[in-house]
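S.K.: Chain by chain, the residues:
Protein chains: 2
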Amino acid sequence: MISWKNLDELKAFEALKAAKRVDLVSVMSGESGARRVAEYRVPMAEGLVYSYAAKAVDGDLLQALKALAEEAQLADKYEQLLNGEVINTGEKRLVLHQLTRGQQAGDVIADGVNKREFYVAQQEKAAAFARKVHAGEILNEAGEKFTTVVQIGIGGSDLGPRAMYLALEQWAKRSGCQKMEARFISNVDPDDAAGVLKGIDAARALFVLVSKSGTTLETLTNESFVKDALGKAGLDSSKHMVAVTSETSPLASSSDYLEAFFMDDYIGGRYSSTSCVGGVILSLAFGPEVFARFLNGAAAADALAKEPDPLKNAAMLDALIGVYERNVLGYPTTAVLPYSQALSRFPAHLQQLDMESNGKSVNRFGEPVNYATGPVIFGEPGTNGQHSFYQLLHQGTDITPLQFVGFRQNQTGMDVNIQGSTSQQKLCANVAAQIMAFACGKKDDNPNKTFAGGRPSSIITGDQLTPETLGALLAHFENKVMFQGFCWNINSFDQEGVQLGKVLAKRVLAHDTDGALKAYSDLLEI
Amino acid sequence: MISWKNLDELKAFEALKAAKRVDLVSVMSGESGARRVAEYRVPMAEGLVYSYAAKAVDGDLLQALKALAEEAQLADKYEQLLNGEVINTGEKRLVLHQLTRGQQAGDVIADGVNKREFYVAQQEKAAAFARKVHAGEILNEAGEKFTTVVQIGIGGSDLGPRAMYLALEQWAKRSGCQKMEARFISNVDPDDAAGVLKGIDAARALFVLVSKSGTTLETLTNESFVKDALGKAGLDSSKHMVAVTSETSPLASSSDYLEAFFMDDYIGGRYSSTSCVGGVILSLAFGPEVFARFLNGAAAADALAKEPDPLKNAAMLDALIGVYERNVLGYPTTAVLPYSQALSRFPAHLQQLDMESNGKSVNRFGEPVNYATGPVIFGEPGTNGQHSFYQLLHQGTDITPLQFVGFRQNQTGMDVNIQGSTSQQKLCANVAAQIMAFACGKKDDNPNKTFAGGRPSSIITGDQLTPETLGALLAHFENKVMFQGFCWNINSFDQEGVQLGKVLAKRVLAHDTDGALKAYSDLLEI
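As given, the protein sequences belong to chains A and B, one line each in that order. Here the first sequence is numbered in our numbering, starting from 55 and rising by one per residue. Here the second sequence is numbered in our numbering, starting from 55 and rising by one per residue.
One or more of the hints may lead you astray.
For identical chains, the list gives no copy identity; a pair is met inside one copy or between any two copies.
Said to hold, decoys possible - Cut-off 25 Å, straight-line C-alpha distance, at most; resulting in silico cross-link-like pairs (DMTMM-like, lysine to aspartate or glutamate):
1) K252 <-> E235
2) K227 <-> D255
3) K252 <-> D310
4) K71 <-> D452
5) K252 <-> E223
6) K503 <-> E145
7) K179 <-> E223
8) K496 <-> D576
9) K199 <-> D255
10) K252 <-> D517
11) K199 <-> E235
12) K497 <-> D568
13) K281 <-> D255
14) K366 <-> E579
15) K496 <-> D568
16) K146 <-> D498
17) K366 <-> E124
18) K560 <-> E85
19) K497 <-> D112
20) K556 <-> D319
21) K146 <-> E133
22) K131 <-> D161
23) K572 <-> E93
Worth flagging that the hints you see were computed from the coordinates, not collected in a lab. All figures in this text were calculated on a predicted structure; none of them were measured in a lab.
Could you build all of it, start to finish, from the sequences and the hints given here?
M.R.: As structure tokens, then:
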């Protein structure tokens, strides 16, 4: 029997608060530190490893976290989600993004449809379309092959697919499976679309219009912008556009598009990279086989997330440690720091995934909660961040928990050996060094050169960033965010906080304003 | 007589803490809100306006902030900096980045050199070089013109120049002054350099190697990577590279470079966009005249920052309100939200500028401080962020102060009118709407649809993002950060927090490790 309780109603949370704190400087020093690195790790999917030695936990705290996982029924709640319960209570919807990449529970029938079959059919449609484009069976008006694919979408229709494309672009080029270049238009600022169009040959570009509702202001505006530009170039936009939308949207059966691919209300935008929202562009860019491998990685991570023991379930443990840091230690932010240039926009995706899911002040029943929920998430790739904001992370007055990611091999296979080491070795040496510098710090007679340490981090390591490991990494964080939402007893799958701004913006455009809103509109001469 | 006191030693700070809090929902509603928007603004340089109506201040609080500015001697300390005092106490250095864009005080003579003349001479050298490249007087081995310029640098040698390039790229293309495309290599991850090189014609590329010390690991490694690639392509790297460095660096007189341009220890990396660090690449990309206009904008902002009354000095007021939010209201983060796609990497630059400058725990004398210093800074352009992390900003459990930026006109002049408004109008309508949604919120019977409001923001507005307004914007934030450092009595111009990681990384690469550091090195197979 599932019981949805607030975090502060759980006995295990009281016990967690009462548990003795761990002195990270002490436990990570000397042989104790080496033992922790050997022991405090959980195998993830696709050969990845979650290592949490540099988190401020010990055996007692881990037991307290395990008790919290049990009392909060994390595994049972995930099972309910997989079985098609109405987990998104705000919008009274199922939450089915895991179904886009593999069946982790029984069939889910909703609205009279087997949802797994529906998602698979759409993926197959996308694959077939991509193969025709690659084979030259779908051509532009001049009978030429398409060379570029441009996604028009915003939020989850942009950040995830963009981050995934960038994550695999160099890998695909080296592997010989890059089929088309991809670009992205998202901002309603017309200079975004104008800049992208300047940089491509529009005559040989396919545009993927992504809007679940078919009513997203930015996306429809950018569609018009692109159609306008295509028209001025003498091109027939209906020969250059496909739509990704819901079956009930106005875009679904329009003759404006070469083809339409469907998703539904059970897949939130920020969880949609493994649906057709990511599938159409990634299949066009890299081929459907690569997209399928990406889904396999995500499915493997979803399967492991069912394990009820958090010490064997990286996503669950990651979530629990995060709750401890947020609600017991009181840290307001978390930094995501991938030591991989290919993951340059992965932090921006996680920023949406986490902050939009868990930035809530009411529980799933709409009652205010009395504790902190989702933290602010930010990050940039290392080593770049080291030369930027790490100063504050090391010596600032607040503590920021850190999430590192690192791979033993790079993607392009190109490297140079300078001063006895390769660039890839230097990259890895830096992340290892940073973990220890943050954890243990350094005493110095000069207080300005002193590092207090005690700054917790975890690292996810793997051999290489590939379609499979990227899928596993993506699903790890999705599942982590889900488990944290369960702990906080919030609905991680709606986003009511985006509505008010939309309503007011419409009023501004309709000149239906007064007071300060009118004054700001005047200031901006709207 | 300047007195360097900690914030909590100032009477004005005690008074600020005791001042009555402002209820933002109340004061921003109705006619009161409209009055505030009309009154609570400060003219900035180049036609920009700093509007702080939606900050939680009122007449009494503004007087308290003014008293704080006086007691903390903010204007006097800036004057000292301009006069060449040793403001960077940690490294015992002058702070002279303002001198790169105009003389705001008397001559500064250091090391026997008139520093203004020195910086100007380097800028003229960069301008002359750029003109020769543009005129075809400097050509590649095959006698062809260079078409692309690639900056190799990291941290301040990357983030600022990259953000400035992106900020002006579309403007320059439309204005007909784009001379060369620019690219950037920063990360020691070899896939960064490999990816950039794949995307350009190296035979027609000029590389700008930027390292003040001439010893930055990432930059020298990437230089080797590029030289290796040029060599394999049968190209003579010494015909493709210039250096930006200090006169005492090993790069200064090397025959490996076509030319060397100099900066010095009085310009910190994160303050170096207006020195040759930004000057060489921006002059090559857009022409020296555009770079000069950018400097003029910064100089105009520097001049206004001398005003001692914070109600007439936007940088100072912005700084003071930030201190109030950080040290009285207790907010740990600040979001930077430019409604301009051209400013896509401006938040990443400000993240370094602010967090590396003010993420400190000791005062300028090396004594620990008992109050919070620099906040975590993060951000993405609007409207993109609205569909991402704004959910947490609106309805999360913590409050994040917001810094908006918006322009009345876009850069490319391309736009479409859809449903009665242009994209640019939609962009501006959204930022106006967001300010009000954050400030006033909205009551609703459904708590899940309730917005508490009370979330403070300011906005900087202007007609258009141009070289001048960009310079003014950049200098505004530099000067804001400086004034906050003065308030906190910290040294905003060193970065000792980056050193420990460097030392440990070297030990990893030398296999001189034990304990957990060795264990992490083994995990990553270094």
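S.K.: All hints, please: hold or fail.
M.R.: Do the hints match the structure? See the list:
In the homo-oligomer, the alpha carbons of K252 and E235 lie at most 25 Å apart both inside one protomer (15 Å) and across protomers (13 Å), since each shortest distance falls under that limit. Taking identical chains as interchangeable, the C-alpha atoms of K227 and D255 lie at most 25 Å apart whether they share a chain (20 Å) or sit on different chains (17 Å). Proximity of K252 and D310 under a CA criterion of 25 Å is satisfied intra-copy only: 23 Å inside one chain copy versus 36 Å between copies. Taking the shortest Cα distances, K71 and D452 sit within 25 Å of each other both inside one copy (20 Å) and across copies (20 Å).
Taking the closest pair of Cα atoms, K252 and E223 come within 25 Å of each other both inside a single copy (21 Å) and across two copies (11 Å). Taking CA atoms no more than 25 Å apart as the test, K503 paired with E145 passes between copies only; the shortest distance there is 11 Å, against 52 Å inside one copy. Taking the shortest alpha-carbon separations for K179 and E223, only the intra-copy value of 23 Å comes in at or below 25 Å, while the best inter-copy value is 39 Å. Proximity of K496 and D576 under a CA criterion of 25 Å is satisfied inter-copy only: 22 Å between copies versus 54 Å inside one chain copy.
Taking identical chains as interchangeable, the C-alpha atoms of K199 and D255 lie at most 25 Å apart whether they share a chain (12 Å) or sit on different chains (24 Å). In the homo-oligomer, the alpha carbons of K252 and D517 lie at most 25 Å apart only across protomers (23 Å), although the nearest pairing inside one protomer, at 38 Å, exceeds that limit. Within a single copy, K199 and E235 get their C-alpha atoms as close as 13 Å, which meets the 25 Å cut-off; across copies the closest is 27 Å, which misses it. In this assembly of identical chains, the alpha carbons of K497 and D568 lie at most 25 Å apart only when taken from different copies (18 Å versus 58 Å within one copy).
For the homomeric pair K281 and D255, the shortest alpha-carbon distance inside one copy (14 Å) is at most 25 Å, but the shortest distance between copies (31 Å) is not. For a Cα distance limit of 25 Å, the shortest separation of K366 from E579 across copies, 23 Å, qualifies, whereas the shortest one inside one copy, 57 Å, does not. For a Cα distance limit of 25 Å, the shortest separation of K496 from D568 across copies, 16 Å, qualifies, whereas the shortest one inside one copy, 57 Å, does not. In this assembly of identical chains, the alpha carbons of K146 and D498 lie at most 25 Å apart only when taken from different copies (19 Å versus 57 Å within one copy).
In this assembly of identical chains, K366 and E124 lie within 25 Å of each other by CA distance solely inside one copy; the values are 14 Å within and 58 Å between copies. Proximity of K560 and E85 under a CA criterion of 25 Å is satisfied inter-copy only: 21 Å between copies versus 62 Å inside one chain copy. In the homo-oligomer, the alpha carbons of K497 and D112 lie at most 25 Å apart inside one protomer (24 Å), although the nearest pairing across protomers, at 44 Å, exceeds that limit. Taking identical chains as interchangeable, the C-alpha atoms of K556 and D319 lie at most 25 Å apart only when both belong to the same chain, with a minimum of 20 Å there against 48 Å between chains.
For the homomeric pair K146 and E133, the shortest alpha-carbon distance inside one copy (18 Å) is at most 25 Å, but the shortest distance between copies (61 Å) is not. Taking the shortest alpha-carbon separations for K131 and D161, only the intra-copy value of 17 Å comes in at or below 25 Å, while the best inter-copy value is 70 Å. Taking the shortest Cα distances, K572 and E93 sit within 25 Å of each other only across copies (14 Å), while inside one copy they are farther apart (60 Å).
Comparing the model with each earlier hint shows no violations; every hint is respected.
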